[in-house]
Structures are given as C-alpha cells and as structure tokens.
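Q: The chain contents come next:
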Amino acid sequence: MTERASEPLLDSAFLRQLDRLALVLRRPMAGDIQGERRSPRRGSSVEFADFRPYAPGDDIRQIDWNLYARAERFYLKLFVAEEELNIHLLVDTSASMDWGAPNKLHYARQLAAAYGYIALSNLDRVSVTAFGAGPGNLQLPGVRGKRGAVPLFAFLQRLQPGKQGDLARACHRYIQSARTAGPLLLCSDLLDPGWKDALSTLASRPFEITVMHILAPQELDPDLEGDLKLIDVESGAPVEISANLDLMRRYKQHLAAWRGEIESFCNGRGIIYVPVDTGVPVEEFVLGRMRRRGVLR
Amino acid sequence: MSLITPLALLAAAIVGPAIVAMYLLKLRREERTVSSTFLWQRMVRDVEANAPWQKLRRNLLLLLQLLLMLLLVFALARPYLAAQGISGRNLILIIDHSASMGATDEPPTRLHAARERAYQLIDQLPDGGRATVIAAGGRMEVPAAATSDRRELRRAVEQIQLSNGGGSDLSQALTLAAALAAREEDSEVAIISDGNVILPDNLRVPARVSYFPIGRDTENMAVSAIGLQPGTNGQTLFVQVANYGQAGATRRLDLYLDGAIFNAYNLTIEAGREQSLIIELPPQVEVVEARLNGADAMPADDRAFAVSPATEAATVRLVTAGNRFLETGLSLLPGLKVVSVPAATTTFTETVAQVPVTILDGVTPPELPPGNLLFINPLRSTAYFSVTGTIEFPQVRPASGEDPILRNVSLSEVSVLKAARIVPGNWGRVVVNSDGGPLLVVGEREGRRLAVLSFDLHESDLPLQIAFPLLLSNLMNFLAPGSGAEAAQLAPGQPLSRQVDAAITEVRVTRPDGRTVSSRSGEVQIQAGQAIYADTDALGVYTIEEFAGATLVGRHRYAVNLFAPGESRIATQRDLTIPQTSGASSTVSRERDSRQEFWRLVALIALIVLVVEWLVYQRNGLAYLRERWRQRTGDRQSPLRS
Chain A
1 MTERASEPLL
11 DSAFLRQLDR
21 LALVLRRPMA
31 GDIQGERRSP
41 RRGSSVEFAD
51 FRPYAPGDDI
61 RQIDWNLYAR
71 AERFYLKLFV
81 AEEELNIHLL
91 VDTSASMDWG
101 APNKLHYARQ
111 LAAAYGYIAL
121 SNLDRVSVTA
131 FGAGPGNLQL
141 PGVRGKRGAV
151 PLFAFLQRLQ
161 PGKQGDLARA
171 CHRYIQSART
181 AGPLLLCSDL
191 LDPGWKDALS
201 TLASRPFEIT
211 VMHILAPQEL
221 DPDLEGDLKL
231 IDVESGAPVE
241 ISANLDLMRR
251 YKQHLAAWRG
261 EIESFCNGRG
271 IIYVPVDTGV
281 PVEEFVLGRM
291 RRRGVLR
Chain B
1001 MSLITPLALL
1011 AAAIVGPAIV
1021 AMYLLKLRRE
1031 ERTVSSTFLW
1041 QRMVRDVEAN
1051 APWQKLRRNL
1061 LLLLQLLLML
1071 LLVFALARPY
1081 LAAQGISGRN
1091 LILIIDHSAS
1101 MGATDEPPTR
1111 LHAARERAYQ
1121 LIDQLPDGGR
1131 ATVIAAGGRM
1141 EVPAAATSDR
1151 RELRRAVEQI
1161 QLSNGGGSDL
1171 SQALTLAAAL
1181 AAREEDSEVA
1191 IISDGNVILP
1201 DNLRVPARVS
1211 YFPIGRDTEN
1221 MAVSAIGLQP
1231 GTNGQTLFVQ
1241 VANYGQAGAT
1251 RRLDLYLDGA
1261 IFNAYNLTIE
1271 AGREQSLIIE
1281 LPPQVEVVEA
1291 RLNGADAMPA
1301 DDRAFAVSPA
1311 TEAATVRLVT
1321 AGNRFLETGL
1331 SLLPGLKVVS
1341 VPAATTTFTE
1351 TVAQVPVTIL
1361 DGVTPPELPP
1371 GNLLFINPLR
1381 STAYFSVTGT
1391 IEFPQVRPAS
1401 GEDPILRNVS
1411 LSEVSVLKAA
1421 RIVPGNWGRV
1431 VVNSDGGPLL
1441 VVGEREGRRL
1451 AVLSFDLHES
1461 DLPLQIAFPL
1471 LLSNLMNFLA
1481 PGSGAEAAQL
1491 APGQPLSRQV
1501 DAAITEVRVT
1511 RPDGRTVSSR
1521 SGEVQIQAGQ
1531 AIYADTDALG
1541 VYTIEEFAGA
1551 TLVGRHRYAV
1561 NLFAPGESRI
1571 ATQRDLTIPQ
1581 TSGASSTVSR
1591 ERDSRQEFWR
1601 LVALIALIVL
1611 VVEWLVYQRN
1621 GLAYLRERWR
1631 QRTGDRQSPL
1641 RS
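Taken in order, these protein sequences are the chains called A and B.
Be aware that the first sequence starts at 1, since it is given in my numbering, and climbs by one per residue.
Be aware that the second sequence starts at 1001, since it is given in my numbering, and climbs by one per residue.
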C-alpha cells in the first residue's frame, strides 16, 4: 500500500475525537517506571493502599507514626503505585492481510494508530511489533507521550506486507521477548491454521489481550460464481470449487461457525474478541463499536 | 426410420469423448486469488469428495451437453421416415375400391391399407386444408366433398366398401378430380390404388398427382370362367382356371354340386396360362360351385358358381329379307327360338312377354315392334337415331375397355365395305366406332334395350370370322337377358332383371348371404313388366322367386361371378402415367421420394436442450433472482419486520 504512504493514517478531526477517549483496563497492571496509571504494586502516590508490619530494611519514612502511637508497633503505610502502562500493538503483516477492499492491512494500521494514539495521549508507553514480514519481527521500541505519535504513525506507515506469516511462531517469539505485560492489541485476520496456538500462547502471559479480527467484505460475502480455482495469496495452494448459491450459503455458515469458535475460545481465556469488517469506516468503528465492546471509554 | 448421411454419426464418436475428456481434465478453470484458502479447504474437505467420476455424476451440464451433441449429430445424419406425404391445401383423394383391392396381401385387405394411408394423408392435411374423397373403380362415389372436417373425412373413408363390379376405371374419377383441381390453387390429387386401373387417354390433370401404391403380392389364381350347359344326357360343366401370377403353381379345384363335394382336380398351371375342364354332370344338378383349395392373396376370385340355365327359350323375331348368316348364327345360340317374319310385315301384334326381341335386318317398319330391338343396316331414321348418309370403307375401331358386348370378340381383321352413317341419341354408347360414324351402338331407352349395327352383314367379312357368332351371342345376351348359357351369369353390380307377367304380385330375391329381399319392401323393383334387383355386388348365387298371390310360380337362379382378369391380375403397378398440366413428369409414384425427413424436429429438440442447458448454467443467477424476489415480496407482506 505504498500509494497510501503519503496520506496521513488518521485525519486530524478524528484525532481530536480520539483525545477524549481512554483505554478501558479491567485490572491494574504493572509498569516499568513511574507513570500515571494505578499499578498493582505499592509505591508512592497520594492514594492509600494498605498497612504492613515493618521489617528491617524498609524505608522508615513510610512508617505511620500515628499508628505506632496507638499500637506501639511499627507499621508501614503503603500507597498505590502509579506507573506507566506498556501497550503492546501487534500487527499482522502477512500477505493475506494485504487484500480486500478496503484493504485489511491499511485498516489494521489505522486501528493500531488510533489505539496507540489514545494510549499515548494518556501518557502510556506504546510499542509496535509487526510480524509476517520476514524471519524476525519488525519492532518499534516503546514511545511515550503525544510526541511519540509521530514515530508511531511513521512506523505504521512504513509497514510493508510480507509473504508468508506463521502467526503462532510470531506470537511465541513475542511472548518470550516482551518485558512487561500490559494491554495487547492483536490486529490480524487469523487466517492461519495455527490461530488457536497463537492465541493461547499470548494468553499464557498476563497480557490484557484484545483481538481485532479483521476481515474484508469480500471474505465475509464472497462474490464468486462458476467453476473456479482459488489461489491462496500466501501459499499459492489451489482449491477448486464450483461456486453456486448453495456453496456460498455453506461458506457463510462455515465462516460464522469459525468466528463463533474463535469468540468462545477467546472468552475462555479472558481475551476480548472484536470482529472487524473493513467495510465499516474506521472512524465509525473506533468511536462506535470499540466503545460498545468495552475496549475504549 | 433410416438415415441419409449415417457417416455423420461418426462425429458423435469423436466429439462425445472430447466433451467428456474436457470435463474430466477440467482444462479451463478460472483462477481467482483469495486472501486465504484456509476456510475453503476446510469446507471443501467437508462437502466434496474429489473423485472425478463423482463430479461427473452430478454434472448436469455435461449430460445436457452430451445430449445436445447427440441430438445435433442425429440431426446432421438427416433421419427420415419412409412415410409418404402430400402438400397441397386442396386434396382430392381417389381411393380405388375395385375388387382387386380386396386382396389380402396387405392384411387384412388392400382396401384397409388404402384406408390407413388415406387417414395418414388426412392427418397430414395442413390446417385449413380441404379434401374431397372419391371412391373409384366400379361405382364411383363421392362420400365427402371439399370439407376440412377431418372427422367427416375419416368417416367418409371408413365408409368406402369394396365394389366387385365395374372394373377399375379411374377415368371418371380423374375427370372429376381434374375439374375440382382446376377450381382451386394448390391442389393435389392423391391416388391410392394397386395400380391395376384404366386411365383416361386425353386428360391433363391441372394439379400435382401423387400415387400411393398398395399391395405387395403378385401371385393369384382364379376361376376365370364357368358354364353349365345342357348336354346330350345330362349337363356339361365348363370350368376354366387361370394363373394370373408370375410363377407356376399347383392348386386343387374342388367341385361342389348343390353344396355337396363332387370331385377334386389337381391343376398345375404356368404363369399367365389357363386350364380348362369339361365335366359331365347329372341333369338334376342345379348349382355348381368351383372352389380353388388353399389360399392366395385374393380369395374373391377363387370361387365361382354356375347354375343350371333356364329351360324356357326366349323368342326372337327376325324381320329379314333373307339372311343365312344371321339365321345360322341365331340357330346356334342355345335358349333361343327364332321366328322369321317377312320383311314386308308392318304390324306386330305379339306382346313383349311373348316376343321380347325383334331383329330388324335391313328393314325399318314405320311403327317399330315392342320389346328390345336390334337394327341391322337401318335404312331410315327412327325415333332413336337418324341416318344421314353412308360411309365408304369405314375403319373398324372397337371401343377401349371391357365392354360386355365385345367380350372375347376380336374385330381387328374385320373389313366393312359400306355402312350407314347414323347419329344415335344420347341413350346409346358406341361400342364399335369408325372415322365416319359409329358402327355398333347399344343402349337402353325407355325400358327397352336397343342395338344398332350400321352395316349390312353381306357387305362385310364379319360373318366369315369367328368374331361373328361371339358378337351375336353377346348381343343376344344383352337384348334377351335370361336366355342362353350365359344368361344365368351376371357380373357383379350388373342389375338382375327378369321379365315378369302381370300376374306376378311379389318377387323375392335370396342373396348369397342368405338374406331375402322382396318387392314388397321396395328393394326389388317391378317396372314395366320387369323385375329388377340392382344390389348384386356380392358374389354368389341369387335366387329369384316369383309369387302370384301366395303361390310360388317360378324360381330362377343367377350366379354372380367375378370374372375380371383386370382385377385378378393383382401385381401392383409401381407407376401410373398420368399427364399433368404443370410439369413434364407424367409418371408419379410416391415410393421414390417418400422420405419424410424430421431433422428439423430433432434440431428443435436440440434447441430446447440448449435453452435448458443455459438455464442450468445460469441457475445460480436464477436462484439469486428468485431469492431476491421472495425477499422483496416477503418485505412487502410484513413491512414491520425490520
């Protein structure tokens, strides 16, 4: 999608609307450095969290002297730590994503950009990883703050579709290399025999995963007729079909069953599943459906 | 059904496997790139076994294409039926119903086959086309005239019955057909016959004439003559059996006397020959039946009957100045009593019953005697003809056809020196003609039979020839029916007439089938001293009984035999020569161009299959349209459903 590289991923009016949104987190998550998010850890903030008996080595500045006066024992007064969040954006750039009208990869870029922009405007750290482009994953190390939007968008713009992607292996590699768990947004079409492996691999670390299942209208309702030889854009493997109305109906049933299977798989692992139709404008999708889904607020 | 170009079928052997191979190999399949075949693979695994034959089995399109190919190849091979057809909008159907059409070589009879063919032609009649049905040969009938009602036409054809009498003369029918055809454009004359017919010489039919020959068989033997004459001490039977076929044959001839078997004779006769038997029979025998044993194609002529001739002699009055030839000739004829009267006699007092026949040889009395008359060399005009002069050396030209007067008579070597030039009235038919005028005219006028021989026997060599006694015999049979050996024999359809006295009050006729008709019911007519029964078409013995009051006065038998060589010669003619005004082709038979091709029909079916194939090919689109339509109508019915 090189021809689209020049135009901005998201227009400014949309970005202004995104400023008012925030990510929805179901639980506090730990970060690396001090930030503005509640962390499961105890730290220094104005919000009281708990008391804890003093143990040698603790910072005596945290001892609650009033409690000592009453109980004549040392207790530490603990406060909720406020740390930054590490937002993980995973974009599938395998060849199957570079397909459809509107293009699925472009849509994935836009979604990642919108999600990342919201995170950045909340002073969270955003890192982007694209897989499918080659043997290794292409990564944007964490950027933070609104200033980080520029490199984020630039990185996303630069993403090129790859050839053949192995979703499960890419996810496995990512899990091993990611330092801190945090909210994770996976933008993929999951058209891979190993989608189950990939999702369960991601779920094996305490990421708060949201799966953007991106499908083009041509995949949801194929416009096929006659005797056809379908060529896989990734593997080149042919499938011969005699497309007729009956086959199309069966395809749609099959697709619906598959999506249902993914959804129940995700529900079982605490993964938020969001089906995406690239036929819906991205603004409408982000402002409407993602909020309804409880991904954004 | 046959094929004109059967080699075209080879195309099926080439194209058929090619189509199947194309389907099996699936040489051309449109390629379409999709994001992933992941879903498709899973589904195809579910629903479709990939075996090629299984694909073939469910491939309706392939089957339709093969069917289409077969139909087209079949059409290319140009199939045809050996049916025979007509094309005209005004069809004149001449159906021969003469005796030869009773041959059984086309079971049950040729007439049935002719009827079937007629039904076919009627069915082929184009819409709005009209047809006329003429039954010809023997009595001509027109049971349906210019009607387009096919039911009526079929009924008319069904009504046509075999007619034993009258020969197979199509002249009258063809003349009528020509007249009908001339009235209307696009006419067609169809002749359904076995071809043993007499055709007019000088007729041009202003329409296409099609001839549909009926019949296959050629072999036939017949009893061709039978006669019973009083002999020296008993009766003499004369039987003649002819082989009209094309191969020699042996048949047994059984003789029945008054219904009881008498004797049997094995006869071996070569083709075209005949064999005669002369058998002495006891005097009391009344009815003799000769029957050829076994069966041939024509059973009607295998039986013949002879009855004992009437014993009473008919009186013939001969008014002559002296004619030895005539006197000798008449005296040789059996059953005649000749009374000679001087030529100067002018008044005749005897009644018709007493003297039924008068021969006026060279005299013409001012007042003609009653009864039947034979004029020989008339000098003056009478009420029946006028004499306008004389003809020198007239060329003798006998009439064509089978005139009973000229039966067995050969006039080819007869020379005439001088004859009277006579102009007959419209009662007579010219039996012997010449350049200057008729030489022999016979006919009936006002209930009396008349014959005029226009030359003096002394001015001709006729009396010296063998034809003379035969001609005289035939003439006397005509003028004095009920006398002589031949008297008791009638041709089929020839009216049975008998002089009856005024005392007779009822005449009954017992037909061969046993049915009795009576003059009381009007079926037998009594007119001017004659009892006439006309319905003698059935072959066999007719018995006439005369009643005066309640008492039986006289009983006479008549035998009706089919002695018609023209009918017994049953070999079917393949061609008829009928001149037509339209074209030079005068010989018309429908055997040769009888191919009725129906590749158009096959091609039409192929077109339908093509449409069906297209519909099957487009069934997705059709199903889509149907679904859309259903959705739309469903939405309209329940607008509240979002």
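In short, the hints are calculated from the structure, not lab data.
Backbone N, C-alpha and C fix where the C-beta goes; we use that ideal spot for every residue, glycine too.
Possibly wrong hints are sitting among the right ones.
Stated by the list, open to error - Below, a list of computed lysine to any residue pairs in the SDA-like style, where the Cα atoms sit at most 25 Å apart:
| # | chain 1 | residue 1 | chain 2 | residue 2 |
| --- | --- | --- | --- | --- |
| 1 | A | Lys229 | B | Leu1061 |
| 2 | A | Lys229 | B | Thr1382 |
| 3 | A | Lys252 | B | Thr1382 |
| 4 | B | Lys1418 | B | Glu1446 |
| 5 | A | Lys252 | B | Gly1621 |
| 6 | A | Lys77 | A | Ala95 |
Claimed, not checked - From the derived model, a few chain A residues whose C-beta atoms are all more than 12 Å from chain B:
| # | residue |
| --- | --- |
| 7 | Val46 |
| 8 | Gly145 |
| 9 | Ser177 |
| 10 | Ala243 |
| 11 | Arg249 |
What the hints assert, rightly or not - Reference listing, derived: stretches of chain A covered by chain B, where coverage requires no fewer than 3 residues with Cβ under 8 Å from a Cβ of chain B:
| # | stretch |
| --- | --- |
| 12 | 12-25 |
| 13 | 97-109 |
| 14 | 190-197 |
Q: Hint by hint, say whether it matches the structure.
A: Here is what the structure says about each hint:
1. Lys229/A to Leu1061/B: It holds: about 19 Å lies between the C-alpha atoms, which stays within 25 Å.
2. Lys229/A to Thr1382/B: Violated: lysine 229/A and threonine 1382/B sit about 111 Å apart, past 25 Å.
3. Lys252/A to Thr1382/B: violated (115 Å)
4. Lys1418/B to Glu1446/B: Distance of about 30 Å is beyond 25 Å: violated.
5. Lys252/A to Gly1621/B: holds (18 Å)
6. Lys77/A to Ala95/A: violated (55 Å)
7. Val46: holds (51 Å)
8. Gly145: Label holds. Min Cβ-Cβ 36 Å, cutoff 12 Å.
9. Ser177: holds (27 Å)
10. Ala243: Nearest chain B Cβ is 8 Å from alanine 243/A, so the label is violated.
11. Arg249: violated (10 Å)
12. 12-25: Our answer is that it is violated, as 0 residues pass the Cβ test (under 8 Å) against chain B, missing three.
13. 97-109: holds (count 4)
14. 190-197: With 3 residues in contact (Cβ-Cβ under 8 Å with chain B), the coverage given for the stretch 190-197 of chain A holds.
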